[in-house]
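Asks: Dock chain H against chain B, hints included.
If you're matching them up, the sequences are chains B and H in order.
For the first sequence, the UniProt record's numbering assigns the number 1 to the initial residue and increments by one for each residue that follows.
For the second sequence, the UniProt record's numbering assigns the number 1 to the initial residue and increments by one for each residue that follows.
Calculated from the structure, these hints are not laboratory results.
Hints are not guaranteed to be accurate.
Copies of the same chain look alike in the list, so a pair counts if it works inside one copy or between any two.
With a cut-off of at most 30 Å between alpha-carbon atoms, the simulated BS3-like pairs for lysine-lysine come out as follows [as the list claims (entries may be wrong)]:
#1 Lys384 x Lys41
#2 Lys17 x Lys384
#3 Lys384 x Lys106
#4 Lys208 x Lys108
#5 Lys106 x Lys208
#6 Lys17 x Lys43
#7 Lys208 x Lys43
#8 Lys208 x Lys17
Keep in mind that this is a model prediction, so the values were computed, not measured.
Number of protein chains: 2
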Amino acid sequence: MTIEVEYRFPPQIDPQKQANIIAIGQTAGTWDARFAHLEGKFKQHLGEVGKIITDPDGYSTATIYFPEINVENDLASLLTMIFGKYSMAGAGKIVGVQLPKNYGTKPKFGITGIREKLGVFHRPLIMAIFKPALGLSAADHGAILAEVAMAGLDIIKDDEILPDLDVAPTGDRLAVCRQVKAAVKAKTGRTVLYAVNVTGRADTLLAKARLLVEAGANALLLNVLTYGFSVLEALAADPVINVPIFAHPAFAGAMCAAPHTGLSYSVVLGTLMAHGGADAVLYPAHYGSLPFSPTEERKIRDILRSRNVFPVPSAGIHPGIVPQVLSDYGTEVILNAGTGIMEHPDGRGAGVKAFFEALETLEQGNSFELENLPPGALRRAREKWG
Amino acid sequence: MTIEVEYRFPPQIDPQKQANIIAIGQTAGTWDARFAHLEGKFKQHLGEVGKIITDPDGYSTATIYFPEINVENDLASLLTMIFGKYSMAGAGKIVGVQLPKNYGTKPKFGITGIREKLGVFHRPLIMAIFKPALGLSAADHGAILAEVAMAGLDIIKDDEILPDLDVAPTGDRLAVCRQVKAAVKAKTGRTVLYAVNVTGRADTLLAKARLLVEAGANALLLNVLTYGFSVLEALAADPVINVPIFAHPAFAGAMCAAPHTGLSYSVVLGTLMAHGGADAVLYPAHYGSLPFSPTEERKIRDILRSRNVFPVPSAGIHPGIVPQVLSDYGTEVILNAGTGIMEHPDGRGAGVKAFFEALETLEQGNSFELENLPPGALRRAREKWG
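Same shape as in the complex, but just chain B:
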């Protein structure tokens, strides 16, 4: 099996020369006559240059095939091989990675598993983020969760910048929110997932994740790119972690935002996350203010779904954007709103209800125009956000 990687070079770069440097330099490296007797052994490790296509704008894309035997079936050794030293060589961006089907780590739940946990099969899932990000106590978290969960919310997550702080320790947040989830279950029969932000040094993080799950966490949130893909894969492979893992894109811009270096967002947030064992992946939607390309967003969506991973577009999501999201995504999507729920003029519960009213309005084929909406949460949301 081979690993196929596409590198894009700007016009001033000789793609053939760079492709040769990558195919040899990132595999066997240099060798000389002293190793002539070992030539067969080296050859099996060598990368191969595939097609090189130059666009009318002068940009070239070179495909390199890497032998799978050079790496350990994980993302870290893969990244070291395909972009380790070469990432420092100048202009050249990884814009596509094709991995063997079984490469990496499989999600334990993915789209189907998350839907089964929730018992919701035929509509987009509605997800909220605890806001403000820092400064709330565990009790504040519980109060917020009670409000949105009783209004019908499917999933809530910690803000990604909230780690395990003395002012609201992760274990305390979980303990309070677990009681709220239980109360909602008792009253409505519904399950609510709370993706707890799991943090720490790799060793403490892995241990803490187990403790959290044993203490009743029914989902985890991981800042995959600041903690490391190796941590995501460890969590995904751990049988004790029998809950879905939500992957957050924090720090993705550091490696994806540049035009001529780094990797495409669709490689990092699509391919790598999907082969790293994430069950759901958050990423900036082009609906919001972040400069995110709809093309990359579509690629991420399709790559994730092809591995049964839930796409979670996550910027600029408010009730008024639902028709657009449904048109772009259909129902196999998690609508993740921060302020779009938390800052609804009539409160967070109304923020959640506005999303469900939006889904119902569309399902029944009713008009979504503001002037045609009946009084209620959706109308109020549209008055605020459009």
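Replies: Okay, now just chain H, sitting in the frame of chain B:
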């Protein structure tokens, strides 16, 4: 204590506006009147905008002060806070980070500890890399090590792209090389460090590192940026890992090479590595073909040394460059050569000897000009590499 971060923006960006977005958006986030009674709690988490300096070329640098209470005294939560979501916001690059002195993880050895292990105190250390990178058996590694170690080498490391492969399992490489090290010790009294590449999912990597140390590894190599800073910190904090950790810069270009996004090389390979517990840090020197700025290189050197971390400039290092390196670095440096040792025309042993001849030539104040050099390894090296 505060964490001080400098963000640089290109001319078309309003630095004041962006600084405010960072100071609020990456800390407490948005809040509203409902939380007025909690204002005091939020305020302690808020970032503060410091000075904003605009250069004559129109580039601006804004300093933001972040409260240390927002993070967990580790690098992953730090990166999530200072650049998580904001990394995806467009042009804006982190060019400086000042951390409280005790922030993060301290190296167990550093410059002084590595020198003590080797019993070498007053000259640059000489380090080699096993080459070719892939395709050698464990026995091949042993044969190479015997040659260079007997010639006086201080440190050798695996190539960073060599993980734990069936063709040369990490444990086998260590077992063979450990015997060679023991033989060298018995014959010459000298210690040679072999930085074994430690790889795997976070859980298996941490366990494997302990096994390797228990099996006699006297140094480790870690691709910090592909495995995660959280893994470096876990190794550095683990009392069982009582050997120096050599940090490799593989993948650094993905987050540092772009002019307007990501982070400076000196932040990632200097500040973050030094506060992550690395004992020695490899990085591309400007002597080689990689497009590396001498200014960034000097910053890395100074930041690392300020935390007792060994700088290991690592590209284009061959015996002929020694006068330049000594002038740039003095003696507190590890000279790390791959082909500059392995491809010496008279063999690897001569490659090592050429470095020592270079040091001696300079120490004795003799001429370094090719025509004045006596016959020997250095002269042969200079004939080949200049």
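Asks: So, for every hint listed, does it hold in this structure?
Replies: So, going through the hints one by one against the coordinates:
1. Lys384 x Lys41: between (66 Å within a copy, 28 Å between copies)
2. Lys17 x Lys384: between (55 Å within a copy, 24 Å between copies)
3. Lys384 x Lys106: For Lys384 and Lys106, the Cα distance exceeds 30 Å both inside one copy (41 Å) and across copies (50 Å).
4. Lys208 x Lys108: both (19 Å within a copy, 25 Å between copies)
5. Lys106 x Lys208: Answer is both: 22 Å inside a copy and 22 Å across each meet the 30 Å cutoff.
6. Lys17 x Lys43: within (19 Å within a copy, 54 Å between copies)
7. Lys208 x Lys43: This pair counts as between: shortest inter-copy Cα distance 29 Å, intra-copy 44 Å.
8. Lys208 x Lys17: neither (47 Å within a copy, 38 Å between copies)
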